[in-house]
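K.L.:
Sequence:
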Amino acid sequence: MRRYTVAIAAVALGCLVAGAPITLARLTSSQTSTAAMTTGTIDPPTSLAASVSGTTVTLTWTPTTSTAVTGYDVLRSTTSGSGYSVVSSVTPRSAATTTDAPAAGTSWYVLQSVLQSWRSATSNEVAAAFGATSTGFKDCASNAPDTGGDGNGYETNAANACAQDGATAVDANSGTSASTSCADAGKDRHRLWGYAFGLPGSVSSVNGITVRLRAAINNNGGTSAMCVQLSWDGGTSWTATKSITPSNSMTTLTLGGAADTWGRSWTLTELGAASFRIRVIDASSMANKDFSLDWAGVQVDYSP
27 MRRYTVAIAA
37 VALGCLVAGA
47 PITLARLTSS
57 QTSTAAMTTG
67 TIDPPTSLAA
77 SVSGTTVTLT
87 WTPTTSTAVT
97 GYDVLRSTTS
107 GSGYSVVSSV
117 TPRSAATTTD
127 APAAGTSWYV
137 LQSVLQSWRS
147 ATSNEVAAAF
157 GATSTGFKDC
167 ASNAPDTGGD
177 GNGYETNAAN
187 ACAQDGATAV
197 DANSGTSAST
207 SCADAGKDRH
217 RLWGYAFGLP
227 GSVSSVNGIT
237 VRLRAAINNN
247 GGTSAMCVQL
257 SWDGGTSWTA
267 TKSITPSNSM
277 TTLTLGGAAD
287 TWGRSWTLTE
297 LGAASFRIRV
307 IDASSMANKD
317 FSLDWAGVQV
327 DYSP
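The sequence shown finishes on residue 330 if you use the numbering used here, and the numbering steps up by one all the way, no holes.
There could be a bad hint or two in this list.
Stated by the list, open to error - Restraint ranges, calculated between C-beta atoms of paired labels, are given here:
{"hint": "1", "residue 1": "S168", "residue 2": "T67", "range": "53 to 63 Å"}
{"hint": "2", "residue 1": "G107", "residue 2": "T278", "range": "17 to 27 Å"}
{"hint": "3", "residue 1": "S205", "residue 2": "S77", "range": "46 to 56 Å"}
As the list claims (entries may be wrong) - Here are the simulated EDC-like pairs of lysine to aspartate or glutamate, each with C-alpha atoms no more than 16 Å apart in a straight line:
{"hint": "4", "residue 1": "K164", "residue 2": "D327"}
{"hint": "5", "residue 1": "K164", "residue 2": "D320"}
{"hint": "6", "residue 1": "K164", "residue 2": "D191"}
{"hint": "7", "residue 1": "K268", "residue 2": "D286"}
{"hint": "8", "residue 1": "K268", "residue 2": "D210"}
No wet-lab data here; the hints were simulated from the structure. Since we're looking at a predicted model, the values are computed, not measured. Quick reminder that beta carbons are idealized off the backbone N, C-alpha and C, glycines included.
Can you build the whole structure from these sequences, using the hints too?
P.N.:
This is the structure we're talking about:
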């Protein structure tokens with residue numbers, strides 16, 4: 027039962043209304059009340075996963091079991107485990123997927139369940155990567171002369187072509203014919219392989235392959251070309267030939283490029299150290315032309 031105390035004070039304030047005094051009253055309550063408060067938690071979603079198609083990241087998850095939740099905050103970071111910020115919100119609680127379009131590179135994601143101003147702990151973290159990247163130029167590990175010409179390819183210090191260090195492999199007297207065609211059977215040919223590209227298993231597409239030769243010829247007489255082919259099956263099959271003109275000073279020659287797949291689609295297996303090979307063909311209108319090769323590097327550009 028409430029109990030009130032009435033305090034009455036008569037104050038003569040003057041004759042405001044026909045000289046009658048005003049009485050002020052104050053009501054106070056002596057009741058006190060107590061109540062018990064309980065706390066709880068809301069659970070995050072589980073089994074968060076990410077997949078990439080083009081420039082779009084699709085996130086999927088299992089909804090939270092906390093039925094009061096109204097949706098989820100999607101958090102993204104460019105650093106694993108830290109630096110997260112909210113990039114979107116998803117409703118209702120039963121939602122189990124959303125998409126995002128981050129900048130190229132690798133992004134990390136977590137989700138939180140939302141109930142008014144409350145947030146759950148974060149879900150498991152997932153990573154998603156897209157956008158062109160490259161392996162950088164890699165060196166070969168093995169080499170061997172191929173059929174054609176005098177049959178010995180780069181007969182002097184051939185292994186020097188597997189490192190860019192100024193030491194050269196030499197193909198002396200580069201063929202047995204005066205043809206300048208890379209397809210001519212009289213041209214010297216040499217194959218190189220064992221390129222450890224280190225491509226991740228998540229590669230979605232190979233965008234291009236670049237070959238760089240550090241090479242020179244002993245003089246500029248006649249007409250000369252250096253030709254390159256790529257193999258994806260250990261040298262059984264080869265791409266069409268690309269050619270470039272060397273000079274009598276050591277020069278970097280580039281064939282292919284970041285968006286040049288050499289006329290085919292590549293798989294990870296075909297780019298393995300045993301499957302992928304390059305073939306260098308020396309062609310000159312002077313059969314006694316000498317070719318020097320300091321390096322034959324290869325770079326693969328790909329989308330994760």
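K.L.:
If a hint holds in the structure, say so; if it does not, say that too.
P.N.:
Taking the hints in turn, this is what the structure says about them:
1. Distance hint check: the CB atoms of S168 and T67 are about 60 Å apart, consistent with the given range 53 to 63 Å.
2. Separation of G107 from T278 is about 41 Å and departs from the stated range, judged on CB atoms against 17 to 27 Å.
3. At about 52 Å, the CB distance of S205 to S77 agrees with the hint of 46 to 56 Å.
4. Restraint check: the Cα-Cα separation between K164 and D327 comes to about 12 Å, which is no more than 16 Å; the hinted pair holds.
5. With a C-alpha separation of about 14 Å, the suggested pairing of K164 with D320 holds against the 16 Å cut-off.
6. Straight-line distance between C-alpha atoms of K164 and D191 comes to about 14 Å, which keeps the hinted pair within the 16 Å bound.
7. Distance restraint check for K268 and D286: the Cα-Cα separation of roughly 11 Å lies within the 16 Å cut-off, and the hinted pair is therefore satisfied.
8. For the hint linking K268 to D210, the alpha-carbon distance of about 14 Å falls within 16 Å, and the restraint holds.
Violated hints amount to a single one, hint 2; each of the other numbered hints is respected by the structure.
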